[in-house]
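Here are the chains, one letter per residue:
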Amino acid sequence: MSTLDSDPKGQRPAHVVPVSEKEFLGAEFLTWLYFHLEANGWGLPAASGYDADEPIRFALGKRVALRRLDQTGARVVLSGSELDGGGELLQAIQRGALIDEMALGVALGNRVYSATLGADGGLAGVNLPDLFTDPEESELDPEEPTEPPPARPQLEDVLELRGYAFADLEDVLDALFVGFLFRRLDANAADADASAMRRAVASGLGLSAAAGMAIGETAEEHFGRVQAEAAALLGGPNKGLDRTVSKLRESLDALGPGVSVSVSVGDSEPQTLKTNERGE
Amino acid sequence: MGFLRGSAGYLRFSVLGEPGAVAEGFGKITLDSATLEAVNLRRFFPIDPDGESLESVGWATFADPLDDDREVGLDDFVAGSLRVLSYREDKIALPRPLLKSLAKKRLADLEEQGEEITKTTRRAVEAAVASELRRTTRPKTRIVELVWDLDRGEVRAFGRGPMVLERLAAIFERTFGLRLEPATYARRAFEVQLGTRERSVLESLLPANVFGGAQ
Chain A
403 MSTLDSDPKG QRPAHVVPVS EKEFLGAEFL TWLYFHLEAN GWGLPAASGY DADEPIRFAL
463 GKRVALRRLD QTGARVVLSG SELDGGGELL QAIQRGALID EMALGVALGN RVYSATLGAD
523 GGLAGVNLPD LFTDPEESEL DPEEPTEPPP ARPQLEDVLE LRGYAFADLE DVLDALFVGF
583 LFRRLDANAA DADASAMRRA VASGLGLSAA AGMAIGETAE EHFGRVQAEA AALLGGPNKG
643 LDRTVSKLRE SLDALGPGVS VSVSVGDSEP QTLKTNERGE
Chain B
32 MGFLRGSAGY LRFSVLGEPG AVAEGFGKIT LDSATLEAVN LRRFFPIDPD GESLESVGWA
92 TFADPLDDDR EVGLDDFVAG SLRVLSYRED KIALPRPLLK SLAKKRLADL EEQGEEITKT
152 TRRAVEAAVA SELRRTTRPK TRIVELVWDL DRGEVRAFGR GPMVLERLAA IFERTFGLRL
212 EPATYARRAF EVQLGTRERS VLESLLPANV FGGAQ
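Chains as they are written, first to last, in the numbering used here: chain A, 403 to 682; chain B, 32 to 246.
Because the hints were derived from the structure by calculation, they are not lab data.
Model, not experiment: these values are computed from the prediction.
There's no promise every hint is true.
So, partial list: chain A residues that the calculated Cβ filter (under 7 Å) puts toward chain B [what the hints assert, rightly or not]:
1. E425
2. L471
3. Q473
4. G524
Just so it is clear, CB atoms sit at the ideal spot from N, CA and C, and this is done for glycine as well.
Chain A with its partners taken away, still in its complex shape:
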């Protein structure tokens, strides 16, 4: 291995890069994972390269911690149900924080796992599926006489089954990480992912990137700017336009992303008030 954290003799060759310089990959991976799952409806098909026989379903758990990677290291912990798509989470990301911890449920067929993934690679609160109950047995008719309960499992059986279960969960997470890594190392894919994240944040915060909302701009600031630019196009304030923009504001809130804002005066060609810098 050419990458080492410790170099007791101080003789590290110039080309060797310490692993510790890349620790940001953990938080970047968790952040990417959130958006990747969100974009895929929190499910990944078996055909997408994962070593599984059945589709994998995911669910965001009740805890997400976010941290800025700058010197402030500011950290915010969000807890509660329905955190996905929530304004607090997206606002923190919009302000430059990355996901440091994320509680996640993973279902591989009838095997359901939950764990909190840490950016340091650790797992906390790992709950494994019930490994010692045969699902067919649990569906037996309660009226029918049943056999006596099975003997308590031996230590070796517990080790083997739980060892398999931990590895089962790790395999899914490792495959996702490798998928992330290859995209991160490909400039085009990384740009596409970053762009998709920006769109998802803008959309999730109820803002339309297509309507020309700048990143960091509040809805109020945005529509004030739209109104001013429209007034400039028309050569002065216009009450009718004010009412139109006011209605447009309500409509855009309802329509969400993908809406472009155009204004036409009389028979003239419609004019786009604003597009964002990336032309999205």
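Start from chain A and add chain B according to the hints.
For chain B alone, coordinates are given in the frame of chain A:
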């Protein structure tokens, strides 16, 4: 709560080096007994109540780490391709305020009896009080379950806290002659089979700046 039951929290470690560094062919059950000797050499022994040490660390059985009298046997250690152990550390923390108060009282008694209080007397009294307190204070026990997956070349350590995990890595290295490094995502990135170009990109990779504030 850990590997065997309930909710678990753990860190993964990469095992650096080949297991054969300690005993050639390590991993085969026939040679595990040689490795067991190394484990039992660093077995956990409780703190001697009459001694001076305030802490003790070492290996214990995976299934029953609180059984002080039990050596680690082959059946305790080998489970298919897994090798399982418990790392145990006991520490006695003497309550400083109580120690100072008792020593002060004892010194006052001696002074009343007409003894001259020198630095040596003071140190001797403090040592005597510490020794008495040590005998009556229960040690705090920490246990980290360790599951070494030979097939994956990884160790799962079921316990958190950077200090205890550092000590665990140190005793693992002394016992097996193999280094443990936390399997962070950064380390795993360098363990993925990458092409030359991708590795070069990885080595020069800087944090992404998607929203302008992550640098």
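Do the hints match the structure? See the list:
For E425 of chain A, the shortest C-beta to C-beta distance to chain B is roughly 5 Å, which falls under 7 Å, so the interface hint holds. A cut of 7 Å between beta carbons decides the hint on L471 of chain A: the least distance to chain B is about 5 Å, and the hint holds. The beta carbon of Q473 of chain A is not positioned within 7 Å of any beta carbon in chain B (closest approach about 10 Å), and the interface hint is therefore violated. At about 4 Å, the closest approach between the beta carbon of G524 of chain A and any beta carbon in chain B falls short of 7 Å, and the interface hint on this residue holds.
Figure legend: structure checked against the earlier numbered hints; the only hint not met is number 3.
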